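S.K.: Spelled out, the chains give:
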Amino acid sequence: MAEVEETLKRIQGQKGVQGIIVANSEGIPIKSTLDNSSTVQYAGLIHQLVMKARSTIRDIDPQNDLTFMRVRSKKNEIMIAPDKDFFLIVI
Amino acid sequence: MAPKRQKSPSRKTVKENLTPSPMEKPDHPDDIYPIVLTTATQELFECCIDEDVTEQSPYKLLEKDDIIQDIKTRAAVSDFHPVKQFVLDYPEDEILLVFDVDFTYGQSFYLVLTPEAKARIYNVLQPPQPEIIVLEDDVSKTPEPKPWISLGSELEVDQESVKETREKLCYKFDLKRRPGLPVCFSDRNSTEAECRSVACPSYQDSRFSIKQMQRDCGMQAVPKLQSSTAQTERAVQRNVFTQYEPRELREKEKENILRSEKLKKFVNSVTPRVLHALQQAHIMNVFTDDFKALGIGAEASDQLVMVSEGLKLQWTFTDEKRAMGKKISSVSWHPTIHGLIAVTFTKKQEEQLDKSTVYINSPAFIVFYGFPDQSNPRLLLECPDDIFAFEFCPSNPNVIVGGCRNGKVVLWDISFHIPHLQGTRPNSKKASDSDSDTDTFDLGNKKENKTPVMSYCAVSSIESSHKSPVTDVQWLPKTFEVTRTGVPVQNISNMSVQVVTCSPDCVMFWDLRVPKLQNQFLADREQDVDQKTMMTPYSIPTTFKHLDRTWKPLFRVSLPKIDTSGEYAPLKFSLEHYTCNSNTGRNTDNENDGAEVLPEYSQLRIPSAKTLKTLDDVITKFYVGTEEGEIVYTDWKLEEDEFGRKFSAKPLLCFRTHAWFVNTMQRSPFFKDILLTTGGWNFAIWKEGVMGGPIFVGPSSEQEYSAACWSLSRSAIFFIGRNDGSIEVWNLLLNTSEPTHVHEHVASTRITCIKPCITASKQHYLAVADNLGVLRVFNVPKALRSPVKNEDLNMQIFFDQENDRLKDYLEWEELWAKPRKEEGESKKQVEPDKPVTFQVDSEEADLKEYSDYLKLEESILEHTGL
Chain A
1 MAEVEETLKR IQGQKGVQGI IVANSEGIPI KSTLDNSSTV QYAGLIHQLV
51 MKARSTIRDI DPQNDLTFMR VRSKKNEIMI APDKDFFLIV I
Chain B
1001 MAPKRQKSPS RKTVKENLTP SPMEKPDHPD DIYPIVLTTA TQELFECCID
1051 EDVTEQSPYK LLEKDDIIQD IKTRAAVSDF HPVKQFVLDY PEDEILLVFD
1101 VDFTYGQSFY LVLTPEAKAR IYNVLQPPQP EIIVLEDDVS KTPEPKPWIS
1151 LGSELEVDQE SVKETREKLC YKFDLKRRPG LPVCFSDRNS TEAECRSVAC
1201 PSYQDSRFSI KQMQRDCGMQ AVPKLQSSTA QTERAVQRNV FTQYEPRELR
1251 EKEKENILRS EKLKKFVNSV TPRVLHALQQ AHIMNVFTDD FKALGIGAEA
1301 SDQLVMVSEG LKLQWTFTDE KRAMGKKISS VSWHPTIHGL IAVTFTKKQE
1351 EQLDKSTVYI NSPAFIVFYG FPDQSNPRLL LECPDDIFAF EFCPSNPNVI
1401 VGGCRNGKVV LWDISFHIPH LQGTRPNSKK ASDSDSDTDT FDLGNKKENK
1451 TPVMSYCAVS SIESSHKSPV TDVQWLPKTF EVTRTGVPVQ NISNMSVQVV
1501 TCSPDCVMFW DLRVPKLQNQ FLADREQDVD QKTMMTPYSI PTTFKHLDRT
1551 WKPLFRVSLP KIDTSGEYAP LKFSLEHYTC NSNTGRNTDN ENDGAEVLPE
1601 YSQLRIPSAK TLKTLDDVIT KFYVGTEEGE IVYTDWKLEE DEFGRKFSAK
1651 PLLCFRTHAW FVNTMQRSPF FKDILLTTGG WNFAIWKEGV MGGPIFVGPS
1701 SEQEYSAACW SLSRSAIFFI GRNDGSIEVW NLLLNTSEPT HVHEHVASTR
1751 ITCIKPCITA SKQHYLAVAD NLGVLRVFNV PKALRSPVKN EDLNMQIFFD
1801 QENDRLKDYL EWEELWAKPR KEEGESKKQV EPDKPVTFQV DSEEADLKEY
1851 SDYLKLEESI LEHTGL
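Quick mapping for you: the protein sequence lines, in order, are chains A and B.
With the numbering used here applied, the first sequence covers 1 to 91.
With the numbering used here applied, the second sequence covers 1001 to 1866.
Just so you know, these hints were derived from the structure itself, not from any lab.
Note that this is a predicted model, so its numbers are computed, not measured.
We treat Cβ as the ideally placed atom computed from N, Cα and C, and that holds for glycine.
Treat the hints loosely; a few may be bogus.
[Claimed, not checked] Per the computed footprint, the stretches of chain A lying under chain B, defined by three or more beta-carbons under 8 angstroms from a beta-carbon of chain B, are:
(1) 8–16
(2) 72–83
[Said to hold, decoys possible] Some chain B residues judged to face chain A by a derived CB distance under 8 angstroms, without partners named:
(3) 1247
(4) 1249
(5) 1263
(6) 1264
(7) 1266
(8) 1270
(9) 1273
(10) 1277
(11) 1281
(12) 1282
(13) 1617
Bound conformation, chain A alone:
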């Protein structure tokens, strides 16, 4: 657990990172550095987005899988790292 914390802290300490969220495969946030309402919102919405993207990739090539996603917007960039059971959101 301490390792996990440390790694997350490392990421958080990078320049330009506003917050990170760890959520499970259903989109329920487990750990977050943002306030609760934002966390829940981000987790729910991004979960759907990740599902959609993943299914898209799988449809095109069943052997393929989604490894990383970057959503760039005017104000900030959202990085999503999905996995089988969890996914990590970095803003």
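Since the structure of chain A is already known, use the hints to place chain B on it.
M.R.: Using the frame of chain A, we list chain B on its own:
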């Protein structure tokens, strides 16, 4: 014979009676010979009276031979004896004997002696009409029946007529009965079947049949109607909603998961990727928009090419009725309503001097024009006198403050006409929307073309107004307000309630709210104010009724001259628009909503100075441009002297930059401390805080500058209007010694005011007003409105450069100031005083020349031995 005989004497008498009337019946003409015929003679000649010769046929033709024979036989006894000669002479064979019924010639018969007369009488008087009067000519001919012309109708008649083709057959049946046989009589009922009367009914003969070739039949269309009903089941409407909350894991579960191995693995695997991405973001700026960068590049290249397209004239507004012989003194765009521009007219200076004795009652108006109607103004605001300056309130665009020629300050409230101004011509809408009495509305609506006129709400009191025309009016921003001594304090109402006016006698600060001294007087007035008066288009809104005619300024700032006595005569001023941050954090949402509601100015009270927080960082100093071309920098806070009286401090700076009236002072919309002033023949740029003078002075031009304004979208561009009606476009980044572009003769006379405007639809307009009362609106071309890349930055650099240059110059001047002064004193006896006015024209070449000249003089002096 006997009756005849009897008649004759009576006849004779009758005849004698008749002779006096000769007109009708001629008496015995020559060829008529009355004769008496005896019965025997009558029988002989077959002319017996009433047998052969009657009244109807009185003529009898007698054979001449017969008459002669008669005469021969009876000789003298013959009745014809007296006419023997005539008869013998008679050419024809037959002689007419006429039975004279009416005894017209005296006898019962007369003989016609000449054949002509005979012919005449006999032919004319054909039977059946017996014509007794001989000489009557008119004969009425009875129409003779014409012979019948057959046109074929008799054939048709024959066809149609029913004629018997054969004779009717008649059968007679007879039963021979032997009479005498016994007879048996019995009764029989006629209705009984066997003894019905024998009839011969008709039957259809089968030998031939007539085929019916034609049959009449009729048709009628009858709509088939069917009524049916249906009923739908109406579902009961029920509000259904669901609310969900996000699923969250309980603390315990969270901890469990956190501890799990899976999470560890996940994090370890994911981290490198994330770090990689973050590194990338760190290296390169992820947020540059390449397209945008490209776009600016293209436009920048355009800039290098000379501005080919100029200002395009979009609209020209003139109003002949009100603009006759007047010049436009001030122009202002409406801050919120697109396309609405307000203009004030004033009489020209020369006119006023000539006719100062004669009072010409030409009412002054503020005229509102709206696109695209070029000749009919949208709204007229009545003014007590010519308005020289006016401005819309920034927080409430329905309130307008203006300054008059006679020194008064006037307020208008146009909130009533806003729906009219926003639409095109919703006159009828106005009537339907409002709930006032319709009579006055009908009056207004009948004249569709009449522009609504609104009178002013409030005017300042005469004794406390300015003594000379008010030349500049500005609203204080809503971020702060000032107290009676000029100390800036916090403005809790968050709207502009204070106005600063200036005129050549002094600068005054005014407040729109009810001053607290008048509270007790207004206690009874409050009831009037609270009543909701009906708003008709001709009534004055009561928004500022509390101020009307009693409005006094908060305080007065006079500008005493620095070195000499007397005061400066301010024409225009410019103050720093202070924006404080504390207001924005506090309840901005509420204020935004509240801004929609019209504030009731009469309900506001000026709070006492103690309750409000003093704002220390407001710059209370402001720039004033005077009549003589000086720019004065002074503080508006009143200071106390030893007696506790308030007075205005001496201004801090005064520079005589311009040669004549300062007509424009405007802060740059991009840099809060940069000020543009124009006056006389040149313009100057000042920076707030720099005490040495203007950081840049433009070159003097041949033409007088009469108006100027910064461009709203480009920080380096400003427009200057000239006396000859041209507009100069200056771009300080391109060329500082001459205008980038001159639009010659945009107006026909001196330009009095230029104001730019950016509308919501990204249209850039430039309103140009001239001396003839014509307002022209130009479309600013793309080149002049889209900023160049890094323009703001470059301008900042430019201003800093100029600032440094000024500093250097001032230092240089200081160095030279002392020796120059000494030289100047020594030369006092030789030459008249050189005017030691320090020209702020920072041309180093000129000064060098001067110093050279001084050296030369020194040498001359030495030569002469002084």
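S.K.: Does each hint hold? Answer for all of them.
M.R.: Verification of the supplied hints:
no., hint, verdict
1, 8–16, "holds (count 6)"
2, 72–83, "holds (count 6)"
3, 1247, "5 angstroms, holds"
4, 1249, "5 angstroms, holds"
5, 1263, "6 angstroms, holds"
6, 1264, "6 angstroms, holds"
7, 1266, "5 angstroms, holds"
8, 1270, "4 angstroms, holds"
9, 1273, "5 angstroms, holds"
10, 1277, "5 angstroms, holds"
11, 1281, "6 angstroms, holds"
12, 1282, "6 angstroms, holds"
13, 1617, "31 angstroms, violated"
Comparing the model with each earlier hint shows a violation of hint 13 alone; every other hint is respected.
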